[in-house]
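2 protein chains.
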Amino acid sequence: MASWLQIPKNSPFSLANIPFGIISASTSRVAAIAIGDYALNLHAFASSGGFSQLPAIQQHLSVFNQPTLNAFAALGRPVHRQVREYLQNVFRADTQYPQLLKDNADLQKTALVPLSQVTNHVPMQIGDYTDFYAGLNHAYNIGVLFRGPDNALQPNYKHLPVAYHGRASSVVPSGTPLHRPQGQILANPAADPKVPTFSPCKRLDIELELAAFISTPNDLGKPVSIEEAEDHIFGLVLMNDWSARDIQAWEYVPLGPFNAKNFGTTITPWVVLVDALEPFRAQGLEPGSRDSLLPYLREKRADTCYEIPLEVEITNKGGQPTIISNSNARNLLYSFPQMVAHHTITGCNLRTGDLLGSGTISGTEPKTQGSLLEQTNGKTPLKLADGSERMFLEDGDTIILRGKAGTEGAYVGFGDCAGTILPAVAL
Amino acid sequence: MASWLQIPKNSPFSLANIPFGIISASTSRVAAIAIGDYALNLHAFASSGGFSQLPAIQQHLSVFNQPTLNAFAALGRPVHRQVREYLQNVFRADTQYPQLLKDNADLQKTALVPLSQVTNHVPMQIGDYTDFYAGLNHAYNIGVLFRGPDNALQPNYKHLPVAYHGRASSVVPSGTPLHRPQGQILANPAADPKVPTFSPCKRLDIELELAAFISTPNDLGKPVSIEEAEDHIFGLVLMNDWSARDIQAWEYVPLGPFNAKNFGTTITPWVVLVDALEPFRAQGLEPGSRDSLLPYLREKRADTCYEIPLEVEITNKGGQPTIISNSNARNLLYSFPQMVAHHTITGCNLRTGDLLGSGTISGTEPKTQGSLLEQTNGKTPLKLADGSERMFLEDGDTIILRGKAGTEGAYVGFGDCAGTILPAVAL
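Protein chains in written order, with UniProt numbering: chain A, 1 to 427; chain B, 1 to 427.
Since the hints were made in silico from the structure, they are not lab data. Any given hint could be a false lead.
It does not matter which identical chain is used: a pair holds within one copy or between any two.
Claimed, not checked - Only pairs whose alpha carbons sit at most 27 Å apart, straight line, appear in this in silico DSSO-like list of lysine-lysine:
1) 317 x 222
2) 383 x 202
3) 109 x 383
4) 383 x 194
5) 102 x 158
6) 158 x 194
7) 300 x 383
8) 158 x 109
9) 158 x 300
10) 194 x 367
11) 222 x 109
12) 202 x 158
Note that the structure is predicted; figures quoted are calculated from it, not measured.
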């Protein structure tokens, strides 16, 4: 698909994508899509009759004039699909509706804003954020470090998608700097009796994840079947689940990670719709094991994960960047529909805007892991392009996660998931 | 304090209390207080000039015409205190303002609604719900069951208030029935290899807890000091953290409880302000150990827990009730201010409406524990007044938690925290 708009060939926001987000430029927060180097302000577009040729959305144009995408997401997948295809039509070189935007220089001036001039926001009001642990290779790698290769995976791991409830308040959009967290750590973990000290985190790490936003909710007491689960997913973002490994090691028994992960979670601000990812469906890990799952987790089709190359880049204070990891979204044992089915099987209600993280997406080869801990084991530092070494993150480090499916000129990507670590705050 | 309103002597909502909630009677949701057998509709009261003698609230009367208490809570503790004391004055037999309500029969008719005629709602929009594990006796009892008496408590337990992120979407007000959850359990836990079966939960349990709502928020990256922590707490409710023990035992490694607790959490709908609990300040457990805590958890005053007798009642299908436990809110090793300080020490932001659970509040003697598992160990059933026995909950069982501080005629209580277990849903 060619567009009348100039779209760089390497842009993650090609005409094949059309991701949705919340922006503010001069005034209040409104809905937008990203296309090439621009955001289309959907409120401005709608107010000028931009959606006049799409009857399905006529009664709902106010969804674009809101500070979150929740109302739009709640309209359901068939509406999202129509709106996306309509906007693709509007931007196509051979658009059926040239009068709406292509030949409307005035509206282009007000509604098409360079991405460099907009502020992005967390796109949804997140009711609850759940983080799964579906990255089999990550779970195995971490398990080897803690329990050795023979007991690396817990007995439940291949029967259900393990998860924990995460912290919604500290989910921030790409570009938000975060202070190094402080808390209780064991200065000498081998010591007995174990007495903690108070310290800035010394083992600050990243976790490369995908995450899904929920569109349509389910009522309390009404599980979502595996067949219906995908239709409850609005779209996907990239996510960095920053992790304080030393705080985690001390605090996590018996109830799991808490302060180690509650200080910040960074997501890309553009939600890539599940329909945009449809051409990149692929099998996840160990597709043959699917048949041994309990029926409520058994999917009819095998290709409910996605072929999306992912990368992790580190830079210190604007210096030379180093790509430290290349992974792929196929490195998951469970799909998002399986996560939805498992999450709700007890009757738990998901709400529009809820966020489900995949867990860390690691490959099996060197330099394919999604966390520093897996790459360094806290012992062998990474060598960066600027000559420095990293065991864990240092103050001033910027981490950028990237992921895009497809090929040049037609990428379906997320854009940068960036965050910089600031020094610990003075107390 | 005597009131011109007839208030039953055993009411948890005496003139000394004045708890806040959200009700709907004939129309939309509005703020209210509970007093005796009545709710005072604060929107109706405010609309009729009820607050005309309280300058501090004049600019904010719209907070009473909202579907949650968040806006009122965000006004901060000094305002809550003034509004509560003003309403006590309005209801006092010797009120300074008889014209406002005492001598205003018309307003009484519209604004004073019998509690039996109102519907209660979850009083706050809960951004995040965190459940702590501060009930030392519970943690010890459970630890003994899992690891024996020598290793009952994990090494971190007496250094920090252990917690996990809970599920906010399924927090429901007292009276909401819940379906028995279903999921993966080990039919034969001793078997190896461990293969789960799909089943309705067979070990459904309760957890007797207090929970605090957050009033004023803190910014991301700005910890709340232990000195300031109490002023971030709006008030307290009773909470039943329903728990599926068999689902939990299988799923909880390594990231903690998830599906075992996400199907429902019941709270009392009336928020008892911290100022109402001020006369019942008391030391929690092991006050002497306070001095060995790291400074960010060290409180200047020792009495930051509360003397509140608590009880657990079970009834099946309207039959004969049995009180199966009597405990006290003093059975906590950590106070809510300590929980706030610990939660935010990493920079985690708390938002208005966030809910912090205390953990299960158990005593050390028989029939003082806050869960069935502790009382029965899954082996020795409880004998109920109707002649039946209980190891865990059966379909049709109703659990009511109650708690009230103070003495006859001046109780400061929460009202009933009730929930009934319905059969598992057909899939």
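Problem - Violations among the numbered hints - result: Violated: hints 3, 4, 5, 7, 8, 10, 11.
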